[in-house]
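Protein sequence lines, in the order shown, are assigned to chains A and B.
Under this note's numbering, residues 10 to 367 are what the first sequence spells out, in order.
Under this note's numbering, residues 10 to 367 are what the second sequence spells out, in order.
Everything labelled a hint here was simulated from the structure, so no lab data went into it.
Model, not experiment: these values are computed from the prediction.
Hints should not be assumed to be uniformly reliable.
[As the list claims (entries may be wrong)] Simulated DEER-style distance windows between Cβ atoms:
no.	chain 1	residue 1	chain 2	residue 2	range
1	A	Ala296	B	Glu132	39 to 47 Å
2	A	Arg220	B	Arg362	49 to 57 Å
3	B	Gln118	A	Pro321	37 to 45 Å
4	A	His201	B	Pro77	51 to 59 Å
5	B	Glu138	A	Glu200	35 to 43 Å
6	B	Pro71	A	Ala274	51 to 59 Å
Positions of the beta carbon are idealized from the N, C-alpha and C atoms, including for glycine.
Number of protein chains: 2
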Amino acid sequence: MKSPSNRPESHPLTVAVVGATGLIGQMMLTLLTEREFPVGELRPLAASAGDRSVSFAGRQWPVREATPEAFEGVDIALFSAGGGPSKLLAPEAAKRGALVIDNSSTWRQDPGVPLVVVDVNSEDAANHEGIIANPNCSTMQLVPLLKALRDSVGLERVIVDTYQSVSGTGGKAVKELETQIKAYAAGQPLEHAVYPHQIAFNALPEIDVFRDDGYTKEEWKLLVESRKILHLPELPLSATCVRVPVVASHSEAVHVETTRPIDPATARELFAREPGVIVVDDPATHAYPLATDAADRDEVFVGRIRQDTSLPGGRGLAFWVVSDNRRKGAATNAVQIAELVLRRGWLAPASQRLARAS
Amino acid sequence: MKSPSNRPESHPLTVAVVGATGLIGQMMLTLLTEREFPVGELRPLAASAGDRSVSFAGRQWPVREATPEAFEGVDIALFSAGGGPSKLLAPEAAKRGALVIDNSSTWRQDPGVPLVVVDVNSEDAANHEGIIANPNCSTMQLVPLLKALRDSVGLERVIVDTYQSVSGTGGKAVKELETQIKAYAAGQPLEHAVYPHQIAFNALPEIDVFRDDGYTKEEWKLLVESRKILHLPELPLSATCVRVPVVASHSEAVHVETTRPIDPATARELFAREPGVIVVDDPATHAYPLATDAADRDEVFVGRIRQDTSLPGGRGLAFWVVSDNRRKGAATNAVQIAELVLRRGWLAPASQRLARAS
């Protein structure tokens, strides 16, 4: 599928990272290095430049203030600075010819913006007009498995309950958990500021803001993002999203009702065939996906695959999915999108490519 | 319903506690004190007596070896020493005239043994023949809510994913988590022996042993115990049971499909009417049940009550249930069963009471 003749992008690129000093911004720099992305110039941007710099490719790059002008000459802009900067600056970056890959929720439901998980709906990326949205972490690790089931036996209904790590909230939350842990070890009182309650030794059923229907926005995102990515606009899905005292990796307990029967052995084969998915499923040796094992890995791990015995006729599965929310759940998929558009010659907006071709 | 004429039990009783030095045994002693249970003589028993004693009612009681003879003269025997002692000694205690209230899983599925959650299926206790089983902690906190829905709108299917504390495993597991936390705070390696993997900063989808169908015994217990307690032998229920780094209280994300429609406001009213259930459900003030808040409380807390939007016609709810697994999940319900049989004149086996009455 490669078309080398149509790859002006093979020369080194100018890559902006908005929110370059944040937890996910830093992970993006790590991923660009690990995956040998062709970065010629790095342009680290932040809401306020201060007197900071970031380390990348063996040198320091000064952080610049994220202004519209800062995107002049940028080929690809990776955004991970929250909704505000994305809303304001992504169109400015796109206007100046950059392809924006945005990790905030701002553009995900915009009908003109593809929401892409690489290897799940890669083709959608072709239709971008300057902005491609990166899904939410809890959605990201779920959809490769739902895709496999959609394609083989059909999806009727999905229930997912999450066990989400504090790094999903950002560096301040990681610090808050660590501070509480150390206070506990020292016999001192546990204080909190990032979360509304103590997170150490607790399970908080609140991630992102509450909606009028009683679901949180995180739970709603799992619904609407899965629907958009899977091209199943009516897919019934209900989630409870819970923060647990884990530093890295989200875990999810999933119960899927399928249209046609499927047995666990078949599901294991299907899941193992999905790119980026690793099946870890040997109860006899206590082998199943774990947050601690998935940390610093780019794959999605699935195990505890069994028939959902609450459904008749073998039309359902239960399983357990774990992935590093900082990597596949955020930075890895963002860089994979960048790789995808380069490889396929989709760096320019679809309308420009179409005009060029005709 | 009280029949004072038939209450030989109103005088102080001889109460044996098997496993009196364990985490739940100790909690049982606390509960007997807090609830002013009429204990005349306490008989603390353990697999090996050693040179130990337990503190109760202002004095020390020497621990005796749990032998069949140790139950002579005992009125009520609270068992919490694991499956082995319960299997061997509960019939011996019953033979000697004691009413056994057993916290192990040994007798729960025996058709001749009532499995009782007080205020859910109290009447079942009347049918005992010397042994009454106390359900598993994760079942205990779920069934009061399922009962309310069964009685009002009917139950079609239940999905429950748990966030279970280490105290459910026992004192050694609490110690293991604390040791790991302190090692982390000191920058030292984390070691494990009780659990097959590190529990700090992790979520382990393995509680109790694995069955051939891929479910754990803990997940299977949730199914078969809920069915027996609710008198719904065909109730479809699927669970994923997960251990999280929480010291006390189990949390559960529950998704219930109902026969007839029900809205969240109605459910809140129904739940609040159940004895021992407290509704905590005000998202605007971040108020929902929490493990840390439920610890050392005897009630079941429910919140995050919302329509399950993955089901049509309002025929489903999602909610979040939390309770202290050491209390309502184990010791509290055991002592409540003891109170129930005293209050209702059910201390003697049903067949003896029937013979006496005729």
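Evaluated hints:
1. At about 45 Å, the beta-carbon gap between alanine 296 of chain A and glutamate 132 of chain B stays in the expected band of 39 to 47 Å.
2. Take arginine 220 of chain A and arginine 362 of chain B: their Cβ atoms lie about 55 Å apart, and the range 49 to 57 Å holds.
3. Checking the proposed 37 to 45 Å range against glutamine 118 of chain B and proline 321 of chain A shows it is violated: the Cβ atoms sit about 23 Å from each other.
4. Taking the beta carbon of each, histidine 201 of chain A and proline 77 of chain B are about 52 Å apart, inside 51 to 59 Å as hinted.
5. Our hint of 35 to 43 Å for glutamate 138 of chain B and glutamate 200 of chain A is violated, since their Cβ atoms are close to 54 Å apart.
6. A beta carbon spacing of about 56 Å between proline 71 of chain B and alanine 274 of chain A agrees with the range 51 to 59 Å that was offered as a hint.
Going through the hint list in order, the structure does not satisfy hints 3, 5.
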